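Given only the sequences and the hints, what does the whole structure look like? Please build it.
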Amino acid sequence: MTTPLEVGRLLRANTNGFVAGCRVSKLGAPAFGALVRVPLPSGEEIYGLIYNIQIADDGLVRQLVTSENVSEEVMRDNRERRIVPVEMSVLSIGYAQNGRLYYLLPPRPPLSLDVIYLCDAAEVRRFTSGNFGYFRHILRAANNLPMAELLAAHLLQAAPTHADQQDWLKKAIQEIIVLLRDDYSNLMAVLNALREVIF
Amino acid sequence: MEEKTIGYLVGGSLKDAFRVRLTIPPSEVQEGAFVVLETEERLFYGLVTDLQLDATDPRFADEQSESRLPPLLAQALHGQTLYVNLEVLPALMLERGPDPASPAYKAWREAHPIPPTPIPVKTVPPHHTPVRLAGAGDIAEIFGKAGGKNFVIGYTREQGHPVVIDLEKFVQRSAGVFGATGTGKSFLTRILLAGLIQHNKTSLLVLDMHSEYGFDDIASDTRQAVIGLKTKFSARVRVVGLGKGTLIRNRNPDFHLELAFSEITTQDIELLSRELALRETAPTVLQALEKSFGKDWLLAFKKMNRLEIEELDERGKVRKMPHPESVAAWATEHGVNVAAAESLHDKLRRVFDRPYITENPAGNSLDHVIEALADGRHVILSFGKYSQDLDYLLVSNVLSRRIREKWEQLTDAYRSNPSKEPEPRPLVIVLEEAHKLLNRELASQTSFAQIAREMRKYYVTLLIIDQRPSQIYDEVMSQLGTRICGWLGDEQDIQAVLAGLAGREALRGMLSRLQPKEEVLLLGWGIPMPLPVRSRRYDEQFWQELKGEEKRRSPEEIAAELSG
Amino acid sequence: MPINYQQVYSQIRAIGAEAQMHGQALKAQRERARQLLEAFAEQTAWLRERLEEARRVYPDLRCAIPLEEPLNARHPLPNLEVNYTLLAADGSQIAPDRHAMVLFGLVNIGIICMRRGSGKTPETFTESHLLFDKDLYTEDGHLLNESLLAMQRDLRERALLAEMARQAEKPAIALTDGPLELWGLKEAESTDSYRRALEQYLHILKELRGENVIPAGYVDKPMANLVVRLLEIADLPQDALKDLKEHYPLRGVSDRWLFGERGRPLLRAGERSAVFGLQSRSRQFYREEIALHFFYLNVGDDQHPWPVRVEVPAWVARDRAMLDRLHVALVEQCRMMGARPFPYLLHRAHEIALVSRDEKSQIETMLAIELRGQGQEVDESSAKQTAKEGIRR
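As given, the protein sequences belong to chains A, B and C, one line each in that order.
Residue numbers for the first sequence follow the working numbering, beginning at 9 and rising by one.
Residue numbers for the second sequence follow the working numbering, beginning at 7 and rising by one.
Residue numbers for the third sequence follow the working numbering, beginning at 3 and rising by one.
No lab work stands behind these hints, which were simulated from the structure alone.
Computed from a predicted structure; not experimentally measured.
A few of these clues could be false.
[To be verified] Cross-link-like lysine to any residue pairs, in silico, SDA-like; alpha carbons within 20 angstroms at most: (1) K122/C with N77/A; (2) K178/A with D172/B; (3) K178/A with P76/B; (4) K179/A with P76/B; (5) K122/C with D128/A; (6) K179/A with Q86/B; (7) K179/A with D359/B; (8) K178/A with K353/B; (9) K122/C with R89/A; (10) K207/B with W549/B; (11) K178/A with A80/B; (12) K362/C with I91/A; (13) K122/C with V78/A; (14) K179/A with L78/B; (15) K179/A with E72/B; (16) K207/B with D172/B; (17) K122/C with K179/A; (18) K308/B with G251/B; (19) K308/B with E276/B; (20) K391/B with A346/B; (21) K238/B with G554/B; (22) K122/C with I91/A; (23) K178/A with G554/B; (24) K178/A with G85/B; (25) K309/B with K353/B; (26) K178/A with Q86/B; (27) K178/A with L78/B; (28) K179/A with T29/B; (29) K179/A with G85/B.
[Claimed, not checked] To give an idea of the interface, some chain B residues facing chain A are shown, with a C-beta separation under 8 angstroms as derived from the structure: (30) L59; (31) D63; (32) F66.
The beta carbon of each residue, even a glycine, is placed where N, CA and C say it ideally should be.
Below you can see the structure in the form of structure tokens.
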């Protein structure tokens with residue numbers, strides 16, 4: 009197994025989700041919609057989907073953007089050396105305890121500076137091989153996150169980890185439709201986003 | 007044998023219908039499909055009476071999403087949001103008891119020593135009960151297995167499972183075969199008659215107005231040879247020609263039927279009032295005739311002349327007098343209006359002149375007919391050239407009256423002494439163009455209405471064949487046990503056929519959408535549940551199958567039948 | 003924090019009224035200053051003589067020393083290839099706080115090094131030095147105060163900066179925030195520690211010579227009016243030199259105004275002034291090659307001029323190429339920051355060096371835990387400290 013890919017450390021959290029911070033230079037790793045996990049010292053592992061990546065600014069950055077041109081060195085300095093972190097908002101969608109997966113909110117949130125790892129293909133497959141119960145959390149948070157985009161991004165990333173991609177996608181879409189069929193506008197938004205995933 | 011699930015129950019009521027969510031393409035299910043709802047305790051049998059397009063949200067139906075979404079998404083979306091609901095008319099249910107492999111089964115069997123039979127639906131299956139198309143087994147469970155009294159009348163439309171009717175039940179009450187012209191009524195009738203003859207528990211009297219059932223014929227539309235019943239059942243069928251020397255399809259019938267004048271009653275004439283355009287005074291005259299001459303009234307009346315004689319009176323004046331054997335003389339003598347009597351005499355000339363009405367019928371052919379029927383033969387009375395309504399009405403009525411008398415007598419004898427007297431052989435009188443005899447005007451006067459109403463107690467029933475059921479007297483229609491109905495275009499005819507049945511609304515649509523040539527709807531008391539079927543074809547294969555069944559019968563059976 | 007606004011407000015009104023009166027006077031003073039600058043612009047030799055006399059009377063005199071250039075000389079932004087190394091250092095400190103649980107001090111130095119023109123990510127470096135136990139006391143037994151600590155910090159900052167500048171690709175500019183001279187309170191100058199520090203610093207400066215390193219101190223919003231003071235001296239009759247200490251006819255006129263009058267600055271956008279020597283009490287220490295010099299530089303534009311003072315040692319002041327290089331680098335650095343000109347790299351050095359309050363309390367906690375772990379007695383925060391923290395929240 010390859011070494012787990014660390015995407016950042018926890019800034020703040022609640023049971024619904026958490027915010028991880030990382031240097032801008034590490035931003036190559038996490039992507040919108042990516043499945044991440046946070047191992048807790050107690051042995052549990054919290055799973056979540058990145059639904060927002062925020063590049064914070066500060067006085068200096070704001071000053072720099074007003075200048076005529078920003079040199080390559082300054083750009084790099086700001087991205088790689090400065091302490092303004094990239095903030096990743098993660099939606100909790102389940103946890104593992106004693107080797108069993110639950111599509112429930114974790115019993116307690118992760119703690120400050122806990123390390124957040126990107127799930128590798130095997131982990132994504134393991135997490136997404138259940139009954140799609142975790143979609144519930146995404147739908148519940150529909151007002152606070154770009155649900156359609158998040159679902160599409162998740163499907164796009166998770167499908168290739170399954171041996172029968174098409175079959176998994178079909179089932180996932182089926183589930184989404186079942187969950188949203190009484191909500192025309194949201195469902196159509198999701199389907200329109202999924203157009204990008206499925207041809 | 008296990009049929010695949012086509013949907014699941016989502017709602018409905020006993021009163022209206024069950025609603026079933028279809029899970030297969032709607033093209034695989036038709037209106038009229040026989041379906042089974044299977045729960046652990048019971049099987050519910052029903053009939054698809056409607057297919058409805060629906061959507062969880064009308065916007066899903068409005069939007070042509072297939073043009074906006076890739077096929078996989080569109081299919082998934084439509085699968086979940088657009089659907090077809092079946093309306094299923096619940097008909098019967100059957101207790102299943104526990105799984106035969108389970109220990110509870112034994113106890114259940116002990117509690118139910120006789121296996122339960124299908125009964126009308128009195129409860130509803132739970133939500134989400136799976137629904138499947140009926141298999142051959144289900145159809146056999148409800149309608150019975152082919153063979154013996156169970157005669158294959160057609161096949162289910164979707165999967166072609168054979169559907170039988172119980173011939174014994176069929177003849178217990180009067181029955182009807184309906185359908186607009188050209189829907190194959192006469193072929194279906196042939197099939198039914200062949201089945202009844204083959205089964206051989208019933209005698210048939212076919213009033214064959216157009217002489218088409220006895221000998222081979224040429225189909226009017228296809229110009230194909232049509233095999234007659236006599237051809238196939240030579241020993242059991244008697245073709246009777248009306249009138250001496252009458253040829254039927256250029257062949258000699260087995261014997262000829264002649265009626266004696268004495269066999270025609272004044273009621274028979276009254277029945278012909280319209281046909282003969284009798285005056286209002288006719289009944290009075292007839293009554294007087296009967297009073298003067300008894301049962302020989304018709305011959306006596308026929309023999310009366312219309313002459314006058316000249317006679318000199320006391321004063322030597324020539325006076326015209328009615329001839330002593332004239333109508334006027336008789337009328338005057340019996341205080342009957344002369345003009346009325348003479349008018350009737352004129353009108354009855356058509357009857358007097360019927361060649362088949364004779365003073366001394368050869369060999370008492372009417373008795374022959376009755377005896378043959380009582381003996382278990384089947385009689386096809388071909389009217390040959392006497393195909394006027396007058397002939398049909400008169401002969402049918404006379405014949406049926408005689409039959410009624412005979413069967414009442416047989417039945418009474420059997421009832422009073424069942425151990426010694428034989429049970430009368432059931433008789434079915436087959437009436438073509440039945441509305442001529444059973445219309446509102448005549449029904450009360452002919453024997454047929456009475457037969458339809460009462461004679462089943464005396465082992466006589468009718469098989470009515472007609473294209474205008476609405477013309478038939480309601481009371482007769484409502485007596486019909488089994489109704490086999492082809493396509494009908496006329497709304498009144500449809501209503502007439504469905505009179506007195508449950509689920510009329512649903513059945514009405516089904517009836518109007520039957521395939522005009524191929525399909526019939528089985529209905530009524532004699533049928534466990536309404537079911538549209540693709541009717542059996544009357545062709546060489548039919549005969550092979552039918553005779554094949556006969557071959558399978560034991561020699562004893564055949565011998566018993568022959569001797570019977 | 004309750005304030006008697008009624009009182010403050012009356013005072014503010016009074017200040018306003020006075021300012022109006024001052025305004026009239028100031029206008030006249032400014033007029034005069036401008037005239038003097040023009041009049042004496044070319045009289046540099048005479049001025050130097052005059053200054054010599056003044057210094058004899060008053061050795062602590064602090065003002066500009068004209069070199070050969072006219073006083074009002076202007077040098078436009080040179081057109082140079084952007085290809086140099088710029089280093090900036092800054093430091094922060096935590097002075098021992100007797101109210102805290104544990105008595106400790108911290109000197110934190112941040113250095114950043116950017117190779118302009120390379121496209122490479124700048125290198126950053128942080129040195130944190132914890133002061134504990136005997137480190138916290140002067141040789142005569144006093145607890146280190148802010149200014150003593152600041153001196154230590156400055157020295158460390160410059161030592162590190164010099165060390166890194168020497169290793170950097172040349173040409174290199176080593177920038178510090180504030181005057182180039184090592185800052186110390188007057189009363190501290192007599193102490194041994196200050197002398198030792200100063201000696202070290204002077205040594206460092208000297209060593210940089212010949213390394214192709216340009217050390218520079220960047221004084222943002224300078225308050226010292228060195229050139230105006232020179233004009234006041236020039237305006238003084240020779241026999242009145244003894245009254246120099248009381249003679250401030252141009253008080254209120256600043257060097258910043260003189261070189262960067264809003265709307266019509268003497269120094270146009272990106273221009274620098276003539277180089278001046280720095281007459282101050284410390285001139286006795288910074289001699290010859292490391293004698294302190296300065297020039298003004300307008301890092302703003304014509305509408306919003308922003309003259310800053312740039313201090314350099316003598317060897318740089320004499321080297322036109324080095325001056326130009328420094329000139330270009332500073333203007334470029336400031337322009338990166340858009341509307342609020344300040345050298346980008348200095349800002350970054352400050353950012354790196356800064357110790358936040360959270361970090362401070364974290365260090366305190368870590369120390370306390372370690373000490374307790376070792377069985378040492380750890381004091382509690384003073385009641386006053388706890389109360390203060392309560393207010394902050």
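For this session: Taking the numbered hints from earlier one at a time, note which ones the structure violates and give those numbers from smallest to largest.
Result: Violated hints (numbers, rising): 2, 5, 7, 8, 17, 18, 20, 23 and 30; every other hint is consistent with the structure.
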